[in-house]
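Participant: Note that the protein sequences, when read in sequence, are chains A and B. Just so we're aligned, residue 18 is where the first sequence starts under our numbering, counting upward by one. Just so we're aligned, residue 18 is where the second sequence starts under our numbering, counting upward by one.
Hints in this document: simulated from the structure, not taken from any laboratory. Any given hint might turn out to be false.
As the list makes no split between identical chains, a pair holds if one copy fits it or if it spans any two.
[What the hints assert, rightly or not] Calculated lysine-lysine pairs in the DSS-like style (CA-CA distance at most 27 Å, straight line):
id : residue 1 : residue 2
1  : Lys26     : Lys140
2  : Lys163    : Lys229
3  : Lys304    : Lys255
4  : Lys255    : Lys229
5  : Lys271    : Lys229
6  : Lys271    : Lys281
7  : Lys44     : Lys163
8  : Lys301    : Lys255
9  : Lys66     : Lys163
10 : Lys321    : Lys297
11 : Lys255    : Lys297
12 : Lys281    : Lys229
13 : Lys281    : Lys321
14 : Lys281    : Lys163
15 : Lys66     : Lys44
16 : Lys321    : Lys155
Number of protein chains: 2
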Amino acid sequence: MIVGGVRMKIGIVGGGAIGQFLYVSLKERLNAQIVLFTRTSQQAEILNKQGIVLEHQENTLVCSVFAREISHIESVDVLVFAVKQYALEEALRSCELSGHHFTTYLFLQNGMGHLERIERIPKGNIYVGTVSHGVTRKSVNEITLKGVGPIRLSGFRGRDAAFEQAMLQLNSVAFPVQVLESPVEILREKLYINAVINPLTGLLQVQNGMLKENIYFFRMARRIFEELDEVFSFGEAKERVWCDIVAVIEATAKNESSMLQDLKNGRLTEIDGIYGYIMKEADKQKKTLACIPFVYQAIRGIEKRGK
Amino acid sequence: MIVGGVRMKIGIVGGGAIGQFLYVSLKERLNAQIVLFTRTSQQAEILNKQGIVLEHQENTLVCSVFAREISHIESVDVLVFAVKQYALEEALRSCELSGHHFTTYLFLQNGMGHLERIERIPKGNIYVGTVSHGVTRKSVNEITLKGVGPIRLSGFRGRDAAFEQAMLQLNSVAFPVQVLESPVEILREKLYINAVINPLTGLLQVQNGMLKENIYFFRMARRIFEELDEVFSFGEAKERVWCDIVAVIEATAKNESSMLQDLKNGRLTEIDGIYGYIMKEADKQKKTLACIPFVYQAIRGIEKRGK
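When you get a sec, could you build the whole thing from the sequences and use the hints?
Facilitator: Pasting the structure below:
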């Protein structure tokens, strides 16, 4: 992609499964300069030496990488934040303190807890988005793609025509990209899905599909959904939203949710960005939730046990 | 113990950890004829051949056993039901169909779901009781005693002076026995404790002590307790009841609850006798619970997954 006669420069912040997956996907498909910014210099070094190894079905792809530690960030046209919601603050601060220039930001966090924070970024265009791919990280530089899902983007503040055009060019069966009009709606839809699937699969230690297959777990999912309805008042759309969630459970039946993976690996989860946000919303509306705060405590407790 | 010039004959129904533990304890301490009735002939055979192996701290005791399959039950003075609540119906039916005579029954199930059923036993004295020992079964005939707790008994229908006297004779530091006046109170107290500790430790896969040590799990325990208060209206006794429960959590910190053990071993749990009973009580009172039914579904779902 050419911006004013120069190749577009894209920075991806975050060397996790999604960050690496985006790096490979963009590098394969886009004529752009791409840099991966990792939290530690060690990870940057390994990635620079060994590249990213992507497994998908029977195929293995090795992609050479240009990676740097985030403290050595540089000016880029588009800066994509593919870090977990709880790591966003630190990553953003590194970028802000660097004094470098970023024309456009793209935030791919789950939940909606980060919106308040990104509004405070002093300048630049801001996009938010959701990634629905099933990607897991096997080692520092090895990832496995288990399922393809759409990447949805929407302008949250300002617009960047060159960026949007580049993203739309990528759109294909293998890498579906949608640029939509309503940023909050995109995040909400993902939030509802995450709110039902992630904490329960994490708590019960099951693959997504068990939330439908096991009638008792299915009732728990529905109960969480009823509490979402309390807060977000689905109205006539209620059963449609529920069907959408159940469809995602079915489509990702064999996947382990990111929260289950995080808990299994003793990492922090995104529970604050998901249930923390919902509980705040409920508080604002003076509504009382029961099972969502209960599961919130469970996930925080399991996180603590894991450490 | 001599009844009318003849040694008392005690039958223990159930070859699980508690049944075996009672067999050894009564046989050691009581001049009575004791028979263990097991569900399968295989277990009876192993017990008759190899005895019960009881481990306690550094000591191992081997106790010879007289065991029979429950379908070959015979008349006894006292019949002790040391089976799980969900196995009670089948065991009771075996006894009733046998046509044999039982002077006195003692029921040691957790929860209160069984009271309705035992009221329907046509004749005989009925006692209910609770066992608070930490006993786990390692194999068909090996058990480990991890903690000593009181056995509490109370007459539920009729009285049997010889039986009560025999039980009180047993009372010692190593084997504390209490005969109390209010059967329902005894079961209630145990129910509150079980309702807070068992399902949560089963769901979260932790030892009892973690419910206090981990602040998030502690909040979940308190939340379950608040729902118990909704149903049982503790009133002024509320914080005393809570402190009793927390004291049990502390005293049994290193124990795995029976529900956790059942789930780990892919067995059915006593969730119906505990939460099932509480949910029925709430229904009767037209009260709505949230987290108790939610955890109920979780436990039933994990049971189903385990099979």
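Participant: Out of the numbered hints, which ones does the structure contradict?
Facilitator: Of the numbered hints, all hold.
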